[in-house]
Amino acid sequence: MKFLCVDCDRQMAFEERELPGDGTLAAVFRCPDCDRMTAMLTNPMETQLVSSLGVQVGGRTVPAANFEGIRSEVATGSEEAFVESPPSGPVRWNTDAVERLSHVPSFVRGMVKKIYNEYAKERGIEEMTPDIMDRARSDLGLEGM
Amino acid sequence: MTPKIRTYHEVDEIESSLPGQVAEAEGRVGARLASVERIVGVMSGKGGVGKSLMSAAIAASLARAGRRVGLLDADLNGPSAARMLGISAPLREDEACGVEPARSASGVRLMSMALLLDHDAALRWKDPVDAGFVWRGVQEREAVRQFFADVDWGALDVLIVDLPPGTQRLAELHGLVPDLDGAVAVTIPGRASVDAVARSLDLARSRGLPLLGLVENMSGLACDECGALTPLYEAEGGVDLAARFDVELIARLPFDRRLAAAADKGAIDEWLEGGGRLAEEIARIASRVAPGGERP
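If you read the sequences in order, they're chains A and B. Using my numbering, you'd call the opening residue of the first sequence number 1 and step up by one each time. Using my numbering, you'd call the opening residue of the second sequence number 146 and step up by one each time.
Heads up, some of the hints might be wrong.
[Unchecked claim] In the EDC-like style, the derived pairs of lysine to aspartate or glutamate whose C-alpha atoms are separated by at most 16 Å in a straight line are: (1) B:271 - A:9; (2) A:2 - B:240; (3) A:121 - B:240; (4) A:2 - B:157; (5) B:271 - A:46; (6) B:149 - A:7; (7) A:2 - A:22; (8) B:149 - A:139; (9) A:121 - A:139.
What the hints contain is simulated information worked out from the structure, not anything from laboratory work.
With the rest of the complex left out, here is chain A (with noise of 0.2 Å):
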């Protein structure tokens, strides 16, 4: 799937993807030359059809995790699947970010842990803290997981 700027004959980048929680998505492209947005927009069946696929509509912005699909995909996976990893990497998790990564369930925790490692690491972050969660959050499209 593309989209063309037929007024500049360009093709139209992608700007930032949305998943509001409803299993719908909202995917933003911007044309380079004159700057207009169109929005994609998809119902659940087809965000479903997609995501089962592991791939994200626009490229993706980090590595995909461990068994992301699986644990983003299985309603029925063990908390007591996996052994809380010890911290790694140059990215330090503050008091507070690591308080509330241990909301997270811990099916998906390290799949989680690693999106938001690899956000902060991408932008040169060296400490993880609930404001750059909240931000990943917004800017990977993450509300919906």
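Given the structure of chain A, go ahead and fit chain B onto it with the hints provided.
What follows is chain B alone, placed relative to chain A:
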């Protein structure tokens, strides 16, 4: 007049295609399996023939012989390898390297949906729309892909893939793992099983998929005292299938109550330790699966 609008294939200024992402994800399977010397599927068109028990016993036999063995339980809806090998969660993971496979007492590295699900819970997918039939196949294939790509299998002599029942399963595995080295088919002597396994073998042959051989399970019931064999079926399905498809019948194995009990208790390793003729037969099948075993 409206100017001609370029077609999809004429527009390629920005590459973020979904097919490209799928190809990239499948490429990670190949990268992960680069350190695996041999990949072998254990298949049957029919359920309930002892395919998973065979997979677990072969894997344990190889591990006990010093081989580095992985077992990927691709039966997402009826996973049983973890129970048979006495393995339970939790799993460890490393963000960079992947999810560590669980290990049996003999060292078999295992990944199975059983390790990820709540006890006794069925595998249920999140379905925001009640139309799971549309994407169920995609979700299951993607889950198996992640079992290959996201598990830190390490260097292995052989990775055994326990396939779920179904005629198409080997072809699906081959689509995901083009470097598949071969498959062992399992049947029982009865005609219902033979019919289903024949269809699987026919499909495998039509796709040019390599068959390492056939195992006939439950060929008879062995007497606990003297070992004498009482046939369980009138038919000799394994012999018939081997002749029809020109596949080697590697072994005809009796139903063994002690092995069945050991599998229920997660004690296949201990059962193999006890030795005996059946354990030797399984070791012989395992030798065909391991590197250096015959390839078609």
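> Okay, which hints does this one fail, numbers in order?
Replying inline: Going through the list in order, the structure violates hints 1, 2, 7, 8 and respects the others.
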